[in-house]
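Chains as they are written, first to last, in our numbering: chain B, 1 to 260; chain F, 261 to 914.
Treat the hints as calculated values from the structure; they're not laboratory data.
Just so it is clear, CB atoms sit at the ideal spot from N, CA and C, and this is done for glycine as well.
There may be inaccurate statements among the hints.
[Claimed, not checked] To give a feel for the contact side, a few chain F residues facing chain B, derived at Cβ under 7 Å: (1) Tyr295; (2) Glu521; (3) Ser522; (4) Glu524; (5) Thr525; (6) Gly783.
[Stated by the list, open to error] Cross-link-like lysine to any residue pairs, in silico, SDA-like; alpha carbons within 25 Å at most: (7) Lys137/B to Thr525/F; (8) Lys152/B to Thr525/F; (9) Lys97/B to Ala559/F; (10) Lys136/B to Ser302/F; (11) Lys112/B to Ala559/F; (12) Lys114/B to Thr525/F.
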Amino acid sequence: MAREIGDVILKMEGISLSFGGVKALTNISFDVREHEIRSIIGPNGAGKSSMLNVINGVYHPQEGQVTFRGEVRRDMEPHKAAKQGIARTFQNIALFKGMSVIDNIMTGRNLKMKCNVFHHALHWGKARAEEIEHRKKVEEVIDFLEIQNIRKTPVGRLPYGLQKRVELGRALAAEPSMMLLDEPMAGMNVEEKQDMCRFILDVNDQFGTTIVLIEHDMGVVMDISDRVVVLDYGKKIGDGEPDEVKNNPDVIAAYLGTSH
Amino acid sequence: MSDPRGQAELNTFPRLLMQHAQQRPNRPAMREKEYGIWQTYSWAEVAQNVRAIACGLAELGFKRGDRLGIIGDNRPRLYWSVAACQCLGGIPVMMYQDAVAEEMAYVLQDAEIKFAVVEDQEQVDKMLEIREQCPLLEHVIYDDSRGMRHYADTFLLGLDELQSMGTAHDKSQPDFLDGEIRKGEPDDVSVMLYTSGTTGKPKGVCQTHDAFIQSAKGGCQFDKLTENEDILSYLPMAWVGDHLFSYAQAMVSGFTINCPESGETVMTDLREIGPTYYFAPPRVFENLLTTVLIRMEDASWFKRKIFGFAMDVAKRCGAEILDGKPVSTSDRFQYWLSNLLILGPLKNVLGFSRIRVAYTAGAAIGPDLFRFYRSIGINLKQLYGQTETCAYVCLQPDGQIKLDSVGKPAPGVEVKLAENGEILVKGPMLLKSYYKRPDATAESINEDGYFLTGDAGFFDEDGHLKIIDRAKDVGKLNSGSIFAPNYIENKLKFFQHVKEAVAFGNDRDYVTAFVNIDLEAVGNYVERRGLAYSGYTDLAAQPMVLQLIKECVEEINAQLAADPMMADSQIKRFLILHKELDADDGELTRTRKVRRKFVSERYAVLIDALYSGKSEQHIETDVKYEDGRQGKVSADLKIEEAKTFAPQAAKTAA
C-alpha cells in the first residue's frame, strides 16, 4: 500500500462530557494517526456522536484536552476545526434540500473563498475567476463520486443513499485533511454500502485523508478500519486493531452480543 | 501527414482520417463531456492522438494483422484506438463492456488477442481475472487511470504513457506511420465484430475497409449527411450499428461524434447536444413517450387541453406534412400553431429539436409509437441489416415511409428472395468471412455470392421489403401461399389487450390462433364496464372479452386482406387460452419467446378443435406455481369464428 500511516495528529485525553446529570462521556482517551481509518463503535447511546462533536468543537467537554497537530486545547471550536482541515458529515443528513447537488457541494468550498461579498454579489473581477476555480474543484468531486447524472437535481428529490453521497461530496469539497463521518452507511442497502465503502477507501487512499468513522455495520468496520475504539455507556471498553477488538471479551459482551 | 500520394485514394479509414485532418483541421471531430463541460477535439487533434496511440502500440510490438481488443463505453480515446489499430494494419475487436469476464475470455481466445485497450479499473480487473485462460494476452492498456495506482503489474500500461511513448517514436521516425498507412489495402479486414451468439457460440465477423466505407458512403448519400451533423454515440461500440453510424459514417462525411458523460446522463447530454442524426432501439423511443405522457397526466387541465389539441392535430396531418404530401391550409395553420405551443417545446425537452434523420431497428416498433414520433415532426425511419452486412441492407427513403416495411434496398445493395421466402443479399457490404470458421462462412454465403440472412420477407407493390419472420419458422398453407406465424402474432401483440399469441397454419387449410389476453389491460377494460371477474381463467371466458379480441382479430384480417401476399393468412378461428403461457411451464423461453413446438404438442386437443369446426372444447392443463407446487387448471374454451375479408374487396375498402 502506498498510503503509510504516520504520526499521531489528534489526541483526545481524559475527555468527560455531561449534560446536566447525564454523563455522555467519561474519561476517554484515544488518538488518531495521520492517514488512518479510525472507527468508533458502540451500542446506541454509547456516546459516539458526542465524541465526534467534541472533536470538531460542537460540544465542549467539562474535563480533558484535545491536541490537534501539536496544538493543545481545552476544547475545540467548530470554525477552528474547519480552518484546520477537519470536515464532517452528519447522522441525519444536513444538506440544503432545495438546492441542487452542485450548489450543496459548493457550500463546502465556502471557507476557501477569498473575495468579499460585493465582488461575489456582482460576480465581478476576481470573484469570477475564483468561482470558476471552485466550480472546477466541485466538478472533480462530482466526477470522483460518480454523480454526474444528478448534478443539477435538487437534493430533496434524491434517494437517501445518494443524499449521503452528496454529503460526503460536500465534506470532500473542503479538501480536508481529516474527515469525521457519522454513520455514513446507516439505512443503506448492501449495494449502496459497498459503493460507500469503496468511496471512503478511495478518499483515504488517493487524497491521504485521515478518516474518523462511526458505523454500526460490523462487517464494514472490521473490513475497512485500521484501528477501532469501542465505547459503551460513555466509557471506553476497547481500543486496537479490528482483530484485537473482535476478540476482546468486554466488547463481545457489550456490543457484539453473546450469552452472558 | 505530408504524403498526398499515399492518401490519393481514400479507400481505408486511416487515409480518410488523415485527409480530414488536412481538409478540415479545425472542425470538431469529437466532443466529450468532462467535468461538466463539453470538450472538443478537432480533426487535427484526433489525427495527432491517433498517430501517438498507433506509434505507441507499434513500440510495444503490435504487428500488422494483430488483433486489438477494445473494451469500454463510448470514449473518444477508445475510438482513437480503433483508428490507431487500423493505421498499423491491425484488426480492432470491440467487446461489450458489460459482458462478464468469462464471455470476454471466449472472444480473447477466439480472436487470439495479444493487446487490449480497456476503459477503466473495472475492465482491467476482468482482464486480470481471465489472464490465466488467455496466455496470449501480453499487454492491457487502460484509458482512465483512476484507482490504478496500486496496480504494479508490468502487463498493464496507461494510455497516457503509451501516447507519450508514441509521440516520441513519431518524432524520431516520422515516416514510419505514413508508411504503415500506405501499406493498407481496401480489401484488408478493418474490424471484427462478434455476433450475439443467440444461435450457438459467437462468431467473429470480418469486415473490410471497403465494406464499411461503401456502406457508410451509401448511407450518407441516401440521407444527405454532411460534415455538419452531430451524433450522440451512446450505444455499445461492439455493436455493428455504432461502428457504422459513429465511426464509419463520421470518417466518411467528417461529422461530429459526441460521447456522453456516462450511461446515466445520456438523456441530459442528448438535450444539450441536440443531435441532427440519431439512432435508438424501439424501447428507448417507447420509454421517452411514456415519460412524456405520465408527466402530462400531472399537468394542469389547461395544459392538458392544449396538449390534447396539439396531439390531435399532429395525428391528423403531422406525418403527411413531414412526407411533403398535400395538406389543407387550415390544417397547416393548426399544425404550425401546435408546433409553436407544444410540439416544438416537447421536441426541445426530448433533445430532438435539430433532428433531421432518426433511425430505429433491432425489434419491431409498434405502429402507434412510430406514428407518434413522425407526427410530431421527427423524421424517424427504419432500417434493416445485420452484423454480416454492416447493418446496411434496406433503408426507408424520405417521404416514403411505410409502418410495416423496412424500406428499399440501399444504394449498391442487391436483395433477392429465395424459393422459401428467405432474404438473400449481395453487395460491397458483405462480410469477408467468419474468423477461423470457413464452414460457417460457406454455409452463409451461397455459390452465387449471396448472403443468406435467415430472415423471410417479401417485396410489396412499391418495392419495399417487408420482414415477416425467421425463415425457418415460415411454412405454407395448403393453398400454397406463405404462412409466417411471427408476422401475424406480432400484429396481434401490438394491441394492448393482447399479451401473447400463437398462430397455426402450416400444412393446414386456414390460419387459427391462440390468444393470451393482457390481464391488466383487459381487466381495466371490463372493470370500467362494470363487470366483475375472479381471475385470469374467468376473465378469459367472459363474452365481453371474447368480443373485444374478436374485434382485434378482425381488424388484423382486414389489414392482411389488403396485402396480396398475406390475404390467405387471415385468422379464421381463434380461442383465448385459459392460462397465461409461462416460462415455468416450458411454454416460453426465458426471454419470453413462444416455444412453438412445445405449445402445439401440449395443446394438441385445442388445435384439433380449432380445425374440426367444434365451437367448444374442454381442456385440463397441469401448471406449476411459483412456489413449485403442481396444480391443474381446467376450462371449457369457446372457439370463435372471425370475419374474414376477400382480398380484393378489402383492398378497395382500404
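*Given Ser522/F as an interface hint, is the shortest Cβ-Cβ distance to chain B below 7 Å?*
With a minimum Cβ separation of about 5 Å from chain B (threshold 7 Å), the hint on Ser522/F holds.
*Please work out if Lys97/B and Ala559/F have their alpha carbons no farther apart than 25 Å.*
This hinted pair holds, its Cα atoms lying about 24 Å apart.
*Could you grab the alpha-carbon distance between Lys136/B and Ser302/F and see if it respects the 25 Å cut-off?*
23 Å, holds
*Going straight from one Cα to the other, do Lys137/B and Thr525/F come out at no more than 25 Å?*
20 Å, holds
*Answer holds if the nearest beta-carbon of chain B is closer than 7 Å to that of Glu521/F; otherwise answer violated.*
At 5 Å from the nearest chain B Cβ, Glu521/F passes the 7 Å test, so the hint holds.
*Given the hint that Lys112/B pairs with Ala559/F, does the C-alpha gap stay at or below 25 Å?*
43 Å, violated
_Interface hint outcome for Tyr295/F [beta carbon to chain B under 7 Å]_ = Where the cut-off is 7 Å and the nearest Cβ of chain B is about 4 Å from Tyr295/F, the hint holds.
*Lys152/B and Thr525/F: Cα distance at most 25 Å?*
11 Å, holds
_Hint check: 7 Å Cβ-Cβ cutoff, Glu524/F to chain B_ = With a minimum Cβ separation of about 4 Å from chain B (threshold 7 Å), the hint on Glu524/F holds.
*asked:* Holds or violated: the hint that Gly783/F contacts chain B, with Cβ atoms closer than 7 Å.
replied: 31 Å, violated
*Supplied contact hint for Thr525/F, tested at 7 Å Cβ to chain B*: 4 Å, holds
*Keeping to a limit of 25 Å between CA atoms, is the pair of Lys114/B and Thr525/F held or broken?*
Outside the cut-off at roughly 33 Å; violated.
The structure does not agree with the numbered hints 6, 11, 12 stated previously, though it agrees with the rest.
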